[in-house]
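Build the full structure now, drawing on both the sequences and the hints.
Protein chains: 2
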Amino acid sequence: MSDVLADLPTFLNDSEPWFRSALRTLVEQPTVSPGMEDDAAILAGVEVARGVIADSGAEVEVVPSGGTPALIARFAHPQPKARVVIYNHYDVQPADASKWAQDDPFRFEVREDAEREFLYLGRGTTDDKGPALCGLRAASWVAKHDLPIEIICLWETEEEIGSPNLGDVLEARKELLSGDCVIVSDTIWPSAAQPAISTGLRGGMFATARLRTGNKETHSGLTGGGARNPLRELAALAAAIERAGFWRLDVREPSAEEIESYGRSGFDIDYFRAAHDLEKLATDVPIEMMLNLWARPTFEVHGLAGGYQGKGVKSTVPPEAELKFSFRLVPDQTPERLWERLSAFVHNFNPDVELTRLGSFVPYRGAIEGPVHAAIVHGMREGFGKQPALVREGGSIGAVPMMAQLLGVPVHFLPLSLPEHGYHAPNERFDWKQAKGGIAAFVHTFAKLVG
Amino acid sequence: MSDVLADLPTFLNDSEPWFRSALRTLVEQPTVSPGMEDDAAILAGVEVARGVIADSGAEVEVVPSGGTPALIARFAHPQPKARVVIYNHYDVQPADASKWAQDDPFRFEVREDAEREFLYLGRGTTDDKGPALCGLRAASWVAKHDLPIEIICLWETEEEIGSPNLGDVLEARKELLSGDCVIVSDTIWPSAAQPAISTGLRGGMFATARLRTGNKETHSGLTGGGARNPLRELAALAAAIERAGFWRLDVREPSAEEIESYGRSGFDIDYFRAAHDLEKLATDVPIEMMLNLWARPTFEVHGLAGGYQGKGVKSTVPPEAELKFSFRLVPDQTPERLWERLSAFVHNFNPDVELTRLGSFVPYRGAIEGPVHAAIVHGMREGFGKQPALVREGGSIGAVPMMAQLLGVPVHFLPLSLPEHGYHAPNERFDWKQAKGGIAAFVHTFAKLVG
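Just so you know, the protein sequences line up as chains A and B, in that order. Mapping the first sequence onto the numbering used here, position 189 (from 1) lands on 174, and the numbers just tick up by one. Mapping the second sequence onto the numbering used here, position 428 (from 1) lands on 413, and the numbers just tick up by one.
Hint data in this document are derived by calculation from the structure and do not stem from the laboratory. Among these hints, one or two may not hold up.
Any copy, or any two copies together, can satisfy a pair, since identical chains are not distinguished.
Stated by the list, open to error - Mimicking DSS-like on lysine-lysine, the simulated pairs with C-alpha atoms at most 30 Å apart in a straight line are:
#1 84 to 296
#2 201 to 84
#3 129 to 296
#4 84 to 66
#5 299 to 201
#6 296 to 418
#7 299 to 84
Okay, here's the thing in structure tokens:
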């Protein structure tokens, strides 16, 4: 195997111009998730991506769905010893240009950087177009070296809205996609200083609670005490949910070994604080923070709409208001049980509130044993020069539990993004140090799998 | 006295064209309170009002203040037996034309009405230009009939923003304005079916509570559980304030006689509900509702700014948020004690919250005995054909406690507005039935005072 890998360092160094050019091509396609801006831009972007993939030597197929299509790149082998799907997504979050340093978030920019060699700036660089290109580049190396492994890159276009039509794609190409495993490259290391492998995802459930008590705004002097104030009642509901126990049930506590591994992850509270530009944190105790972020459910308020938002105070009682909120779920919680308990709680607390469920993801817990896991651990160590820590992910990827269930294969993670890359945030970026290490990590993982 | 009043019915009937014309003139001046839209419009409006007042036979004076000026109309008498100030205000709330049935809220419209004879539509018709003209018209009648009473109409231009500079005017003309009493015509009957006299006002205190926990919006999957969510914390603060006892202290319970009088006020819950277009009320028990509206403090949430206000849910944790809220105060509460208690409570509940006090009004309790009160009761009975009930007002008028204190005279109320007139609301209106009765009530009050 060492012979096969002899040219890898040269290949990696030679890959930067290709990577930069391919990433520029993909980022400058404004493939904002369907239903949010311009769906035609996604379809145009898929055609562009098809060209990038074909240039890498794969057979490309655009697979239609009930929504926007997915791309499948196949690097076939006549006698594969293993078949692996690399999952990424090609859709991106919207970008509010007014909050970005660059004029246009969809105009790709490159900056030299002492530490990271090159920074690649633009919407989608780290979430998830950069990692997608690392997998593709590694697959093309594998194909060129005739390793006995079939690699299939699956790029969907609806991840940021919860993958509502990914099931169509999985059903349509089930045989092709049901190999030995799926490797997802769409998660984040806790710290740039320490490679890490995600072993689980939180789930989520999004909802609104609406209350109407009248049909027009009234003057709080004239009606205050008589009118029911929907803002005050929904604030009370939010506080009651926060204090309640129902959304903390069914949590499988992480094992002592898992907690110990978190402690080795390189997670650093000051780094976390700086990366997310936070001032005040829920806790200053590192292990408590990791448990909060990865292994415990949350209740978040995202907005209380319907009141006055301008300067100062306007002394009126609004006729209606809407609380926007979500929960993050952890194993073994399920959205169905949570919804039942939430509905009962809200109905009991304030029967006039109208609750609407908007979407949900089940939490996911990946295997931390077996040959695929061992190969990824090996690949990450070779690619980044350090034994990876096992961590979890605070966010949710709807596609993950869906692929595990519909394809019946284990889903693993090979994360390449960093906190400071800014998932979903202004000034999103990726960098060459992560990309180069990522391509190497994928190559070493594949080589180990069939070695 | 009966001889003097012989021509009053004819005078009232002949007054409608004058009233309509004068009200049109005043309403079509968009005298929105200073600092909100165009202060030059107030100054122009004051010149127009000066003409209307001068045509009524008064000496007019425009009295400057640190803000916009007040108008003083003096109907002098060589040997007055009584000296009365009628207080009204000439500034109005802003009007959002998109919510009005008429194209322009500052274009006066008249509609015939079977019940009310004529409806006068436009911003300021009932709050407070219509009632101001009733007092002016009655004063001109008194002057014409040489009743031994001096009447001074005081029209200020900053009532809707809490009368920040009225003190300047009161100090500058203190001798002139310190007569036997001030009569305020800027409050509301509980029901069109029952004349009512206000005997007290709630006070108010407005504030914001601001919490910053970061410097940018973050993704709730990545930071949820670690980041402190300012929306969730401020909702919890609002709920805690609602449950707390501190803002319910120092309340002087109304006497048994007062509560009995509320019961005779004609207050009707269905009427209240319909007038304010409310669907759900705090209580369905009439006397509880009156106590809630008039004699009990309130805590209202007016807005929770900083979160997502659009459709659905956006899964982010905002870096900061601001709770906008107020209290209504009742005798014997004071804004100073309430502020002290609020500050201590908030500091204890969440020391990171930054509290800002925006403005306040002390509550007011008027005399319900003595010759002025008796004259107003008599005047209302004669003007509207029914014994008035004694009620209170849920709203706040900063000028009232200020005049009582700075002039050292009792402040009484002669209310002419109805709930359906729409104080501060779209489609504000006044009507000739109230105006005619109001002019008569003022005339009978003055005649009784010196009779």
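Now for the hints, and whether the structure bears them out:
Taking the closest pair of Cα atoms, residue 84 and residue 296 come within 30 Å of each other both inside a single copy (21 Å) and across two copies (21 Å). In this assembly of identical chains, residue 201 and residue 84 lie within 30 Å of each other by CA distance solely across copies; the values are 10 Å between and 35 Å within a copy. Taking identical chains as interchangeable, the C-alpha atoms of residue 129 and residue 296 are never at most 30 Å apart, the minima being 63 Å within one chain and 49 Å between chains. Taking the shortest alpha-carbon separations for residue 84 and residue 66, neither the intra-copy value of 49 Å nor the inter-copy value of 70 Å comes in at or below 30 Å.
Taking the shortest alpha-carbon separations for residue 299 and residue 201, both the intra-copy value of 14 Å and the inter-copy value of 26 Å come in at or below 30 Å. Proximity of residue 296 to residue 418 under the C-alpha cut-off of 30 Å is found in neither arrangement, the shortest distances being 45 Å within a copy and 39 Å between copies. In this assembly of identical chains, residue 299 and residue 84 lie within 30 Å of each other by CA distance both inside one copy and across copies; the values are 28 Å within and 17 Å between.
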